[in-house]
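Protein chains: 4
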Amino acid sequence: MNTLGRCLRLSTFGESHGVLIGGVLEGVPAGLKIDLDALQAEVNRRKSTNAYTTPRKEEDVVEVVSGVFEGVSTGAPIGLLIYNRNVKSKDYSNVKEAFRPGHADFTALAKYGVRDYRGGGRTSARESVARVAGGAIAKMLLKELGIEVFSGVFSVGGIEAQNIDFSHAKTSPIFSLDKDIEPTQQEAILKAKAEGDSVGGVVLVQASGAHLLGLGEPLYDKLDARLGGVFMGLNGVKGMFIGEPSVASLRGSAYNDPLSPTGFQSNHAGGVLGGIGSGADLVIWVHFKPTASIAKAQDTINTNNKPLKLELKGRHDPCIAIRGSVVCESLLALVVADFALLNMPTKLSSVRAFYRQR
Amino acid sequence: MNTLGRCLRLSTFGESHGVLIGGVLEGVPAGLKIDLDALQAEVNRRKSTNAYTTPRKEEDVVEVVSGVFEGVSTGAPIGLLIYNRNVKSKDYSNVKEAFRPGHADFTALAKYGVRDYRGGGRTSARESVARVAGGAIAKMLLKELGIEVFSGVFSVGGIEAQNIDFSHAKTSPIFSLDKDIEPTQQEAILKAKAEGDSVGGVVLVQASGAHLLGLGEPLYDKLDARLGGVFMGLNGVKGMFIGEPSVASLRGSAYNDPLSPTGFQSNHAGGVLGGIGSGADLVIWVHFKPTASIAKAQDTINTNNKPLKLELKGRHDPCIAIRGSVVCESLLALVVADFALLNMPTKLSSVRAFYRQR
Amino acid sequence: MNTLGRCLRLSTFGESHGVLIGGVLEGVPAGLKIDLDALQAEVNRRKSTNAYTTPRKEEDVVEVVSGVFEGVSTGAPIGLLIYNRNVKSKDYSNVKEAFRPGHADFTALAKYGVRDYRGGGRTSARESVARVAGGAIAKMLLKELGIEVFSGVFSVGGIEAQNIDFSHAKTSPIFSLDKDIEPTQQEAILKAKAEGDSVGGVVLVQASGAHLLGLGEPLYDKLDARLGGVFMGLNGVKGMFIGEPSVASLRGSAYNDPLSPTGFQSNHAGGVLGGIGSGADLVIWVHFKPTASIAKAQDTINTNNKPLKLELKGRHDPCIAIRGSVVCESLLALVVADFALLNMPTKLSSVRAFYRQR
Amino acid sequence: MNTLGRCLRLSTFGESHGVLIGGVLEGVPAGLKIDLDALQAEVNRRKSTNAYTTPRKEEDVVEVVSGVFEGVSTGAPIGLLIYNRNVKSKDYSNVKEAFRPGHADFTALAKYGVRDYRGGGRTSARESVARVAGGAIAKMLLKELGIEVFSGVFSVGGIEAQNIDFSHAKTSPIFSLDKDIEPTQQEAILKAKAEGDSVGGVVLVQASGAHLLGLGEPLYDKLDARLGGVFMGLNGVKGMFIGEPSVASLRGSAYNDPLSPTGFQSNHAGGVLGGIGSGADLVIWVHFKPTASIAKAQDTINTNNKPLKLELKGRHDPCIAIRGSVVCESLLALVVADFALLNMPTKLSSVRAFYRQR
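Residue numbers (the numbering used here), protein chains in the order written: chain A, 1 to 358; chain B, 359 to 716; chain C, 717 to 1074; chain D, 1075 to 1432.
Wrong hints could be hidden among the right ones.
[To be verified] Stretch-level coverage of chain C by chain A, calculated; a stretch enters the list once three of its residues show a Cβ under 8 Å from a Cβ in chain A:
1. 736-747
2. 788-801
3. 1059-1068
[Unchecked claim] Derived, one-sided and incomplete: chain A residues facing chain D with beta-carbon distance under 7 Å:
4. G14
5. V24
6. V72
7. T74
8. G75
9. Y92
10. V114
11. D116
12. R122
[Claimed, not checked] Below are the DSBU-like pairs computed for lysine-lysine, each with C-alpha atoms no more than 30 Å apart in a straight line:
13. K96(A) x K1107(D)
14. K812(C) x K391(B)
15. K1029(C) x K907(C)
16. K33(A) x K1170(D)
17. K454(B) x K749(C)
Bear in mind the hints are in silico, worked out from the structure with no lab data behind them.
Yeah, the Cβ is synthetic: ideal placement off N, Cα and C, and Gly gets one too.
Please put together the full structure from these sequences, using the hints given.
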């Protein structure tokens, strides 16, 4: 339920304004060097406090409380705790009884009958800090297999990159993929923010490495099925494509990727054929909605079904796609690493080789 | 692995050109009347042989071999067998050693080291007949809860419906949602077919019913996460949206659905808020790629990595989105029914009521 | 729910007096030669119709309907169907409304509200034919790893073997482990049968092979946890031990198995230490209750809660432990094979080696 | 892997001598009052430091870090942290390279290639503190359903209770079920301890309540299957019975429990028929081995396969069955509560009633 993956499994717990956010990562092969600095650096990348993101100042210190001994993974579950330091005991009176439009307030109360009204509780995107921590360890594993993951912001409020440059995205304050378009995108974000509004965006996430070939499990746990599950289930995501987004308008003769002795001649399929990694780059487009929390007055109701106008104050990202891109990258790392482990017992020849060499 | 769902679970087995396609549906509450005619009718709807689909003539007779006694479900797993009657012992020599572009041939051989080259084997969309059979039973369960599912073809090769009419889709030979646009869509299909080519398409799938409110499980099994998993994992699907497809270009003030005492005033969210059903219609757009099997000559390689030109003869749908829409509808029924059952122990008050009334 | 295992998974469906018993075995590594004769021979061994077992004459022909192509496993789920040929349309009137003592009649009706009264329906031990078919394939896989499984009947009605001889058990009509005690055990069975009664028994199941070392997954899926789940969950089993049965009366100094440079000096632990295979033989004692179906008159009630005397006619084993031993052996094979596959991604060095050699 | 249960799920992490032991309990119905004092009291009961148990002085303070808001469960996962306060930075040199007989040292190193030699690491029984914390919350849920769980020590080193008195067990320092036999049992423990040895024991665990009727899921997740999995998987457990332990020596006419209009006339089956709760008391006998850690010199080897004599100093229970009984009780509570929730969607009539009353 609160778990992602089958062999490499991330489970999380904790609420936005509770004591902490926790993650438990199981199935990390024993003997992996755990680089605590790299782990913290990933978490910091998600935090990225600047004019385009959130002014909520979290320390976000990751504590590794289990599963690592003398610097390496032991095969036991790795416990990751991120205490919430900056939880203001603020006044929740305006949201305690009102349903914020675009949030889970209404649906969560309907489902559970009780609601943690402090910042969305369990449904808050703050939980993603545990995904990023888990993803950081997944990346350490992928590095051993020569697989890399990348991400960046492709569009903001409809303003699209013209060139894709993942190395620029790494240093951009909005993780923009295009240095030339970036100023226009930044302007759009600041304008929306100034008007008490927010903007949506599209994130591009990729993985590359020869060992992507063959990843994906049969039939209801295909590579694309799992990617669909993790990305569509991420807070704020409402759409996605794997490979060429105009796919549904194309003809087969234009869309199919021809094979040649040196490999695929194009990659419209985005690295997945028949639910299995083709060895070509995994290419995923993730569509984020505009941040639900806006300062502008909105029509809503309270828990007594009375209408009201709600203006939200607080520390909200004007564009969740920005920090969302880091989370997407982490999720892709977790998924690919899980499939890399699941793939090992697929062929009898591999099983034989494994047991012969022990 | 080959299983969909957690409480209501569909597992399938069987290959396109093997003995049969089988499905096992577990978790159907005991006492549900199983209407065998309705079950067969759903399977027939997927078959729909006409000029726009496939000339492969399968009888597709569903046999219920377990789990039903004296007309009702017993709580035991329901076994569903569909024997393959029309498996021609044809000549596979041209595909046996060639990788068909756009198919799982290359990736499946890389993964498994062996390949059932007869019509794609396990990776063929023929497996979806078991999903439709399972979905038919899910619909019988949903009917008890007042939930309905619908589907139709929105666009074909980029030609989009201007009006959405699910009742028209039911009788249209291409399940088109728009009576006026339908002829143009049909023409596009026949033109591609005549040219030995294929077209992509977009399917719209919906569910409605008050009890959609509250469906969806926490955090890695949200309603949208699961929908992402089943639709992105369906053969030929490469993209999807839940709710408004232009979401990433919008501002929060335009996208958020305001609440009023009589309900949501719009449904850009497509019926899912925070991963939980909002009670508004579930609205899902599913982007299908053009059929991979085309008659036109394509560049590819054989299993010895030698280049060749491949022309596929055979009984292929020129547009997989058409019959795919029926499968999408079945999948949505399976997902929603599963969540409806999973939802029951969510609140202590419900648990108490259940055990008090026994 | 109806599935056993995590990587190698057996799911079953079908009822005792329904159309068929079905099994689906997933996760068999691709490229395993499937010996259909050996598969059928295992199923025949479970059938073993003689004076000490059941006169129900089932053909028990196993049909492999998927997952095997040109003699080897393909990685796709292997469908195994055993049609019920000898289902008499007999008169069920005396059991239709009466609850047979010792059976699931009362509890299943309470749980499901409907009941398949024909021979116990889904709860019948007839389902175990699918476990034996699946186990036969698991054995083929284990053979590749040098692991063997054995079973035999240790005691019948309290009459215990004095010597353990698995090779004798193979040819004994009651699978007895002791040639000298066997006649007394047979006598006890026939005497009980003649008196319209039944007897309990204890089965010994073992596995041996160097690669048992290291099998077992962490903490709630340990080797002994899984063995506990499959054996305690088998029809008619009410108790079990792993290793020395007098364990609870012993002192640590007598019970602990000392280690020496040549291995363990004893095997009180029965091959499991800390939930992980020690490399020593797996030794499991399984306690079966006497067959619930007896001809003697028994007090019971009907579905209207009226008392009655019930005398059961029919084709019942006087001692279910006999044929149960074959099922235990199959279950052990399935469990060990599953753990052998799950074990592969445990160490980083193995993961590295796997991906380096691809 | 590190998770127990399907609807009510407990996952744990943390090592014996690491930072903390953590538990995450998912699926607790929203709205359950969480009594923090009762939670701590259960954990204290497991700790029970006295002459017959361990001198390791742990504070064992349980912190609830998520899933509870304003005193009630919210439906979010409940995080339970127990920090290890009394972890001496002691000298591990004598165990660091030696394999302790009866422990997981040898097998865990073989499996993982690395070993946390501090007190057994993840394989230590210290992890059970998280099971007891989770079990305490399960008990709060069971109380709502009128189900109670009990436990006590039946025998120690072969010295068996003659009477079963669960109320005495509650106050006994060794949780003994028989006040009269208790002194002899205590003497046996102290004698073994004085001799640097340990003793095994048998624990009796029971549950009672009308709503046990019908609990248990089909076929590989029966009530007895799950009980087998959790008890056989508990540290130190090597055998178990459900109901009458002499079952395998009895005849059917003596073993079967006759039904009468007022219920079962005996309970040899221990409350489980056909894998489903019969409504009679659940009766489970759990056989614990003697504590593996003893002070007496034992033959073993070191990691270089050299023989040596090992004498273990440290804070060990002379009889793990004593504190083990508390853990058994917690596990039974967790299992029964999980099945109580899983049982809700079994019948269509219940599903209908649930959705009608919403």
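Structure-based check of all given hints:
no.	hint	verdict
1	736-747	holds (count 5)
2	788-801	holds (count 4)
3	1059-1068	holds (count 9)
4	G14	holds, 4 Å
5	V24	holds, 5 Å
6	V72	holds, 6 Å
7	T74	holds, 5 Å
8	G75	holds, 4 Å
9	Y92	violated, 12 Å
10	V114	holds, 5 Å
11	D116	holds, 4 Å
12	R122	holds, 4 Å
13	K96(A) x K1107(D)	holds, 20 Å
14	K812(C) x K391(B)	holds, 21 Å
15	K1029(C) x K907(C)	holds, 17 Å
16	K33(A) x K1170(D)	holds, 20 Å
17	K454(B) x K749(C)	holds, 21 Å
The structure is inconsistent with hint 9 alone, although it conforms to all the rest.
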